[in-house]
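So the sequence shown is residues 1 to 388, counted in full-length UniProt numbering.
No lab work stands behind these hints: they were computed from the structure. No experiment lies behind these values; they were computed from the predicted model shown. Be careful, since some hints might not be right.
[Said to hold, decoys possible] Capping the alpha-carbon separation at 30 Å, the derived lysine-lysine pairs in DSSO-like fashion look like this:
1) Lys386 to Lys138
2) Lys174 to Lys79
3) Lys172 to Lys386
4) Lys196 to Lys224
5) Lys174 to Lys55
6) Lys214 to Lys79
7) Lys313 to Lys79
8) Lys280 to Lys138
9) Lys196 to Lys55
10) Lys316 to Lys55
11) Lys138 to Lys79
12) Lys280 to Lys172
13) Lys214 to Lys224
14) Lys214 to Lys138
15) Lys174 to Lys316
16) Lys316 to Lys79
17) Lys196 to Lys138
18) Lys172 to Lys196
19) Lys23 to Lys224
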Amino acid sequence: MDQLSALTIIALVYAAANLLAMKTRARVSMMFICSVIFLALFWSGVPTTLFEDSKMVPLATSFIALLMVQMGSMMDARKLREEWRTVAVSFLGMCAGAGAILLIASPFISWNYAVAATGPVSGGVVAGLIMTEAADAKGLTAIGVFVTMLLTVQGFFGIPIASNCLLHEGRKLKARFAAGERALTAGQTGTSKWEKVIPPMPQRWQTSYVYIAKAFAVAWLSFKAASLLGNAVHPFVMALLFGIVFHELGFIETNIMTLGNANGMVMFAIMIPIYIRLAKATPRMILDLLGPLFIVFGATVAGIFIASIFLSKIFKYSWCLSAALSATCMIGFPGTLIISEEVAAQLSGSDEEREFVLSHVLPKMLIAGFTTVTIASVFLAAFLVKFF
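Whole structure, please, built from the sequences with the hints as guidance.
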């Protein structure tokens with residue numbers, strides 16, 4: 001197949017899946033819909049070399065580095081410090097879910113499957129890619145497909161948990177509102193503005209090319225630093241760290257790839273290594289992997305629920321809130337935003353009451369999702385991948 005035809009097919013699948021996911025308000029993920037469509041295409045005769053023919057595969061690694069820099073540029077270290085309990089609960093809950101996979105699921109699905117599962121279940125695309133790269137290096141094709149399946153269906157398990165737990169938490173907040181409590185205004189939070197070390201660029205320099213060049217420069221430096229350390233720190237982790245540091249210094253702007261009008265193309269490219277393994281999947285392989293999939297998510301949910309009992313006592317959050325924050329590792333953005341808004345709308349009888357519930361729930365859910373999916377899952381996957 002020629003390159004343009006391959007790219008057009010991939011783009012059409014992405015677009016259709018994105019529109020369908022929007023219709024379901026993220027309850028059915030775009031990744032799940034894409035996977036179903038690609039499997040249907042491959043099983044109906046579309047060449048299994050579709051992704052290779054697109055010539056986008058070699059770009060993926062470089063673009064993943066850019067994505068990690070972008071994620072680092074979105075991080076506000078001060079907000080994370082202010083919500084330290086949320087960060088701790090979501091991180092420890094995520095670790096409990098991963099630990100449950102290794103302890104409970106591994107005797108039933110084998111050690112390699114359990115280790116591979118910790119990446120996607122604990123977070124998002126990058127954590128999954130770290131695991132699939134390791135599986136490919138060892139010739140474990142089925143595990144690569146398994147990781148893709150986990151990535152595509154995790155929302156079916158995480159969203160109901162978070163939604164129901166937030167409903168319970170929201171009812172408590174509603175009672176507090178009825179008792180006369182009100183949300184803090186922005187001026188009452190006591191947040192101070194941080195002065196960047198590097199001043200903003202002049203307006204005339206703020207072009208897409210400059211933004212993209214700065215992002216590439218940070219990504220390149222991060223990979224060189226990882227190489228100097230003998231890759232003791234995974235290059236993707238280093239790119240995330242460099243993104244955070246250079247954003248805090250003021251060298252790169254918040255959402256730098258979006259400012260550079262390049263975020264869409266970056267996401268287009270880095271999704272390809274996820275779906276490429278579906279070209280080798282057979283109906284029999286998919287059926288054989290369903291059992292391990294349910295075992296993995298069953299262990300994850302059990303680990304999160306049990307950990308939330310202890311975390312709620314240690315950090316003085318309710319059990320429901322602790323479980324919801326921990327479950328964000330299976331949701332990510334925009335699911336965390338949509339669930340919070342729907343819960344607030346469902347429980348509230350007035351705009352003021354809705355704002356009160358949302359002001360308590362939404363920041364915690366967004367920060368928890370950022371902590372688990374964007375940051376912690378990458379570190380966890382980079383660490384556990386060594387145990388294949």
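For each hint, the structure was consulted:
no.: 1; hint: Lys386 to Lys138; in the structure: holds, 12 Å
no.: 2; hint: Lys174 to Lys79; in the structure: holds, 25 Å
no.: 3; hint: Lys172 to Lys386; in the structure: violated, 44 Å
no.: 4; hint: Lys196 to Lys224; in the structure: holds, 25 Å
no.: 5; hint: Lys174 to Lys55; in the structure: violated, 53 Å
no.: 6; hint: Lys214 to Lys79; in the structure: holds, 25 Å
no.: 7; hint: Lys313 to Lys79; in the structure: holds, 23 Å
no.: 8; hint: Lys280 to Lys138; in the structure: holds, 16 Å
no.: 9; hint: Lys196 to Lys55; in the structure: violated, 40 Å
no.: 10; hint: Lys316 to Lys55; in the structure: violated, 52 Å
no.: 11; hint: Lys138 to Lys79; in the structure: violated, 41 Å
no.: 12; hint: Lys280 to Lys172; in the structure: violated, 49 Å
no.: 13; hint: Lys214 to Lys224; in the structure: holds, 15 Å
no.: 14; hint: Lys214 to Lys138; in the structure: violated, 35 Å
no.: 15; hint: Lys174 to Lys316; in the structure: holds, 19 Å
no.: 16; hint: Lys316 to Lys79; in the structure: holds, 19 Å
no.: 17; hint: Lys196 to Lys138; in the structure: violated, 45 Å
no.: 18; hint: Lys172 to Lys196; in the structure: violated, 40 Å
no.: 19; hint: Lys23 to Lys224; in the structure: violated, 43 Å
In this structure, the hints that do not hold are numbers 3, 5, 9, 10, 11, 12, 14, 17, 18 and 19, in rising order.
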